[in-house]
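Visitor: Sequences listed follow chains D and Z, in order.
So the first sequence is residues 1 to 425, counted in this note's numbering.
So the second sequence is residues 1001 to 1067, counted in this note's numbering.
Please note that the accuracy of each hint is not assured.
Unchecked claim - Straight-line C-alpha distance at most 30 Å; calculated DSS-like pairs for lysine-lysine: (1) D/94 with Z/1008; (2) D/131 with D/233; (3) D/233 with D/142; (4) Z/1002 with D/131; (5) D/233 with Z/1008; (6) D/131 with D/142.
Stated by the list, open to error - If you want the ones that stay clear, here's a sample from chain Z, every Cβ over 10 Å from chain D, calculated: (7) 1002; (8) 1011; (9) 1014; (10) 1026; (11) 1034; (12) 1053; (13) 1065.
Hint data in this document are derived by calculation from the structure and do not stem from the laboratory.
The model shown is predicted, which means the values in this text are computed figures rather than measured ones.
Backbone N, C-alpha and C define an ideal beta-carbon position, used for all residues, glycine too.
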Amino acid sequence: MCSSRVVSKWEKALAKLEDQSEERTAEPVGTPDPVDAASVNIFSAEFAACPQPTYANLREKCPVSRSAIGGGPILAKHEDVVWALRQPEIFSSKMDMQLAMGTERPMIPQQIDPPEQTRYRRILDPRFSRKRMLEIEDDVRKSARDLMDQFASDGSCDFGEAFAIPLPCTAFLHLMGLPQEDLGLFLHLKDSIIRPQEQEQEGMAVQQIRADAGRGIYEYFERAIDARAGQSKDDMLGFLMTAEIEGERLTREEILDISFLLLLAGLDTVTATLGCNITYLAENPEARRRLVENEGLIPGAIEELLRWETPVMVVPRVLTQDVTVSGVDLREGELVSLLLGSSNIDPSAFDDPELVDFERDRNIHVAFGAGPHRCLGSHLARMELRVAMEEWHRRIPDYEIQPGETPRFSPGIREARYLPLVWSV
Amino acid sequence: MKVRVDQKLCVGHGRCYELAPEVYDEDERGHCRLVASSVAPELVASAQRGAVNCPEHAIRVEEEVDP
């Protein structure tokens, strides 16, 4: 290998990076096209099924558009999205309770801002570091194998139901130190909160289903904490029960508000990412064959598919003041949608953004967000994804979407709600 | 070459120590910690690889200025 050539490649990328990180001016230049309020519904299933062409359209024609639902601004450019993510004092995470997903208080640390948020991250980050996550890798691998034992010889499955939904949930139970028998209960509570529309309870309002499930989650963790009184255990719940911030133990409410977040944020996102990855690989057999032949490509493939697919397409923020973004005036109090997915395929930040390249030299995707709210569970997610992709492809290297069927994706978080796979046995 | 990490920008994405562990390590919180601030010529490419992949642009690889 010619090392001098490699160095010059990185030097070129570094020079480009220096260019982009120049101090940003307060008043962006350029006049955007008129805002077309009703043209794009980023919270629709159609959009979730194939968002990339729409991202490009928004970035080029209307980098600050208005949501078809609620009318809030949608930021589509990498520069704007990343800038907003790094300004929590302007783009606040303190959500109005109307956006609450069955919670009675803000979830910690996701729905609070620095400096308060930083105090929690200081104690939580070490528990979610890459090194810590490697400690539970064997448990997750065993769960993946156990799950596959149940369907690998069938030659078909619904990917979500059989694998992508239960795997992150079993990992969560391991991490927290909760009994695996609670899997079904957790899946039910989580689904009631995230997709109350799918609950078949006649005449029950969505908010009511969410509130009931939210109470169920609080009560579950209350019982789990009570059952542990006096015992110390080296798992997440045990940690939260003894952790201190500036010499003070966490209150019961704080423990509940952190646990609630871990449950809501840790399960669906990994499920969705697995579904996006397997859909892509089922539809691109050549790329899949390369991964099967060379497992060493899997970490790079995971990063690249996080970039290209961006399962968490959008994150919300609330404006604490008036601000101008890409020439558009936004008002205090507006609910802003930051399009992570669009940011991740913006040609100003990525070479050949439409090319899916598992060996991409420079991948600065923000699928886990950026700035102080960078996903707390990103190292857990990466470990789960790597283990799942390795185990799946060792056992089922060759698969396809059942002929004649089309996967269905849920809006908001792109989860494959229907992904029938077939393979030969 | 010298490597500098702006700790005010680092939020612990961990891309640097994943891609170039010979130059970057993680501290207790999972934030970047340099193995050594000065890198030997054979590690410069690794240092640069970690730098260009930082989503926060927190890493700089620069020529060392002679005293």
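Visitor: For each hint given before, does the structure comply? Return the numbers of the non-compliant ones in rising order.
Guide: Numbers 5, 8, 9, 10, 12, in rising order.
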